[in-house]
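**Student:** Order-wise, the sequence lines are chains H and B. Each residue of the first sequence is one higher than the one before, counting from 1 in this note's numbering. Each residue of the second sequence is one higher than the one before, counting from 1 in this note's numbering.
Simulated from the structure, these hints should not be mistaken for lab results. We put the CB at the ideal spot given by N, CA and C, even for glycine. Worth double-checking, as some hints may not be accurate.
Claimed, not checked - Taking lysine-lysine and the BS3-like style, the derived pairs with C-alpha atoms no more than 27 Å apart in a straight line are:
1. H/K286 with B/K286
2. B/K301 with B/K286
3. B/K189 with H/K189
4. H/K286 with H/K301
Unchecked claim - Simulated restraints on C-beta separations:
5. B/D288 with H/S2: 46 to 52 Å
6. B/E241 with H/Q218: 40 to 46 Å
7. H/E194 with B/D288: 21 to 27 Å
8. H/D205 with B/S260: 57 to 63 Å
9. B/T298 with H/V21: 34 to 40 Å
Number of protein chains: 2
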Amino acid sequence: MSPLPTEPDALLKRARADDRVALARLLSYVERGGATARAVAHLAYRSGVPYTVGLTGAPGAGKSTLTDSLISEVRGGWPDAEAVAQVAVLAVDPTSPFSGGAILGDRVRMSQHALDPTVFIRSMATRGHLGGLSLAVPDAIRLLGAAGLRVVIVETVGVGQMEVDIASAADTTVVVVTPGWGDSMQASKAGLLEVADVFVINKADRPGVREARRDLEQMLDLARPGAWRPDIVETTATAREGVDELWRAVALHREHLVRSGQLAVRRTERVAQELRRVLLARTEVKVDELTAGEEFTTAVKALAADELDPYEAADGLLAG
Amino acid sequence: MSPLPTEPDALLKRARADDRVALARLLSYVERGGATARAVAHLAYRSGVPYTVGLTGAPGAGKSTLTDSLISEVRGGWPDAEAVAQVAVLAVDPTSPFSGGAILGDRVRMSQHALDPTVFIRSMATRGHLGGLSLAVPDAIRLLGAAGLRVVIVETVGVGQMEVDIASAADTTVVVVTPGWGDSMQASKAGLLEVADVFVINKADRPGVREARRDLEQMLDLARPGAWRPDIVETTATAREGVDELWRAVALHREHLVRSGQLAVRRTERVAQELRRVLLARTEVKVDELTAGEEFTTAVKALAADELDPYEAADGLLAG
Numbered sequence: 001m002s003p004l005p006t007e008p009d010a011l012l013k014r015a016r017a018d019d020r021v022a023l024a025r026l027l028s029y030v031e032r033g034g035a036t037a038r039a040v041a042h043l044a045y046r047s048g049v050p051y052t053v054g055l056t057g058a059p060g061a062g063k064s065t066l067t068d069s070l071i072s073e074v075r076g077g078w079p080d081a082e083a084v085a086q087v088a089v090l091a092v093d094p095t096s097p098f099s100g101g102a103i104l105g106d107r108v109r110m111s112q113h114a115l116d117p118t119v120f121i122r123s124m125a126t127r128g129h130l131g132g133l134s135l136a137v138p139d140a141i142r143l144l145g146a147a148g149l150r151v152v153i154v155e156t157v158g159v160g161q162m163e164v165d166i167a168s169a170a171d172t173t174v175v176v177v178t179p180g181w182g183d184s185m186q187a188s189k190a191g192l193l194e195v196a197d198v199f200v201i202n203k204a205d206r207p208g209v210r211e212a213r214r215d216l217e218q219m220l221d222l223a224r225p226g227a228w229r230p231d232i233v234e235t236t237a238t239a240r241e242g243v244d245e246l247w248r249a250v251a252l253h254r255e256h257l258v259r260s261g262q263l264a265v266r267r268t269e270r271v272a273q274e275l276r277r278v279l280l281a282r283t284e285v286k287v288d289e290l291t292a293g294e295e296f297t298t299a300v301k302a303l304a305a306d307e308l309d310p311y312e313a314a315d316g317l318l319a320g
Numbered sequence: 001m002s003p004l005p006t007e008p009d010a011l012l013k014r015a016r017a018d019d020r021v022a023l024a025r026l027l028s029y030v031e032r033g034g035a036t037a038r039a040v041a042h043l044a045y046r047s048g049v050p051y052t053v054g055l056t057g058a059p060g061a062g063k064s065t066l067t068d069s070l071i072s073e074v075r076g077g078w079p080d081a082e083a084v085a086q087v088a089v090l091a092v093d094p095t096s097p098f099s100g101g102a103i104l105g106d107r108v109r110m111s112q113h114a115l116d117p118t119v120f121i122r123s124m125a126t127r128g129h130l131g132g133l134s135l136a137v138p139d140a141i142r143l144l145g146a147a148g149l150r151v152v153i154v155e156t157v158g159v160g161q162m163e164v165d166i167a168s169a170a171d172t173t174v175v176v177v178t179p180g181w182g183d184s185m186q187a188s189k190a191g192l193l194e195v196a197d198v199f200v201i202n203k204a205d206r207p208g209v210r211e212a213r214r215d216l217e218q219m220l221d222l223a224r225p226g227a228w229r230p231d232i233v234e235t236t237a238t239a240r241e242g243v244d245e246l247w248r249a250v251a252l253h254r255e256h257l258v259r260s261g262q263l264a265v266r267r268t269e270r271v272a273q274e275l276r277r278v279l280l281a282r283t284e285v286k287v288d289e290l291t292a293g294e295e296f297t298t299a300v301k302a303l304a305a306d307e308l309d310p311y312e313a314a315d316g317l318l319a320g
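Okay, chain H solo, but in the shape it has when bound (with noise of 0.2 Å):
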């Protein structure tokens, strides 16, 4: 084979020819933003949208586990007989400032899956620049369509507000939690709820498990009427069971979207917020220059010297 290009035009064709190391090199280039992951992004946006599922719950639920043997249902295809030839993995550590090394290994290693053709994982972590995760992983996701992935199952790590942006920005979103999840998840509970369309009780071996069914149960009940009523799904990843039954659940959701048309109102809806991002990333951009600039420090002094006020301040360095 060739030596492996470095323009994103020539990568994404080798990537469309399941070449998945060109496939991951585009990707760090997404993850590094700037001028390059631009490109990427230019070229990205010009294919479909691939049919995300958002995997999402408490750190210890066994997301990974869960993923891994969801990948091998996502193989057989959907339920109505669609066929999936490719599956992708974008596993999202907001936290972890690095990536590609020692967590893509142990990711990728741990993964039943790490020597299919078919199956691509890759985990994402941000290297700090502008916007960080929350606009590399719409990219990402873009990215893999363009090279001709039509699944893209996006775990991310954690409960955080931005574990939860990212992985709420998907066609169906699973939450997973555990038996007892209640009472260690108290804070984020409401948060969950609103953005679950599949509910995972995960490690359904261990006791509580009608527990945790009867909260969430009564959680959905004080929903508004006419919502989508999340399923609730039981499984144990571990011994691969209810695996199935789970991609059941995120295809019934699949088919209610695109029945009610809520699949092309909610990805309008995406578009609408990662540009609104985008936005904000470049006026934050433009603070940066403004507080490194020689009339910040100027103004700063002033306003120690009780001289000014930030409304004032604010008002010249924007005019100036």
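Mind docking chain B on chain H? Use the hints.
**Tutor:** Relative to the frame of chain H, chain B by itself:
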């Protein structure tokens, strides 16, 4: 007394002559935001900053009671005999959309200083306006300074990032913990350690004080050498025990700040941070305007049709 004026300058004149109702109205202006808030800021930032003590810590740590006890100490003046004629308390609850009414009433009624004319207690909450409390609280502090108050205690509810940010934008930041706090607050520990100038173990009549102190000491041992090492004070606020020691610890830190020149450095950093926040808030307004416009809708449609990437779209909107 003549009826209350509505103009900020007339109100400030009255507030300077100890008219608490005038001061309360000015604070409402600040809280509400907008043009009148700006007019108040214009006046407030021409005066010096009062000495500000921030109080933060887990809900249920007894911060309100501790603040109330501390007021009596503050009223006795600084330990070096410098008098404190008046003291203000801002009780800040970023999670509450309301203020003034119930919360203020409760907080003030609860206080043993409710009828003391030298003590001014006020609850602040966001009314959802731009920048919210992270802009309004510094403005309120400056306003209290302009009205002649020399010491302001800012007490926050909760230990979210915003609460910690607000409380730590003080000259001396007091972090309140209780015996056994370590287990429940694992996630917030590092953040609290970073901002603390003084630690209080409140409810020191309960078991676990020794463990809590050892826990704090161990954390402090890991701090960078040469940095200020926070005192650890044990209090039982309900019995007013240890509160005099807390006030001495605050005074000791103040002395350190003044002598080392750090007070001026910190305050300059603070105004720089405030100015940055105003700049960010301004640019967010710009983004909100952009996303409300017709061009945004057109861009979103093009994005949804895979004809554009969000970076190009943002460029177009920002240039237009």
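**Student:** With 40 to 46 Å as the target window, see if B/E241 and H/Q218 comply at their CB atoms.
**Tutor:** This hint holds: roughly 44 Å between Cβ atoms.
**Student:** If you check the beta carbons of H/D205 and B/S260, does the distance land in 57 to 63 Å?
**Tutor:** 60 Å, holds
**Student:** For the pair supplied as a hint, H/K286 and B/K286, confirm whether the alpha-carbon distance does not exceed 27 Å.
**Tutor:** 12 Å, holds
**Student:** Sort out whether H/K189 lies within 27 Å of B/K189, counting only the CA atoms.
**Tutor:** Between B/K189 and H/K189 the Cα gap is close to 22 Å, so the pair holds against 27 Å.
**Student:** Against the range 21 to 27 Å, how does the distance between the Cβ atoms of H/E194 and B/D288 compare: consistent or not?
**Tutor:** 22 Å, holds
**Student:** Do the alpha carbons of H/K286 and H/K301 lie within 27 Å of each other, as the hint requires?
**Tutor:** Cα-Cα ~21 Å, so holds.
**Student:** Decide if the proposed pair is consistent with the structure: B/K301 and B/K286, CA atoms, cutoff 27 Å inclusive.
**Tutor:** 21 Å, holds
**Student:** Go ahead and decide if the range 46 to 52 Å is satisfied by the Cβ distance of B/D288 to H/S2.
**Tutor:** 49 Å, holds
**Student:** With 34 to 40 Å as the target window, see if B/T298 and H/V21 comply at their CB atoms.
**Tutor:** This hint holds: roughly 39 Å between Cβ atoms.
The structure is consistent with each of the numbered hints, conforming to all of them.
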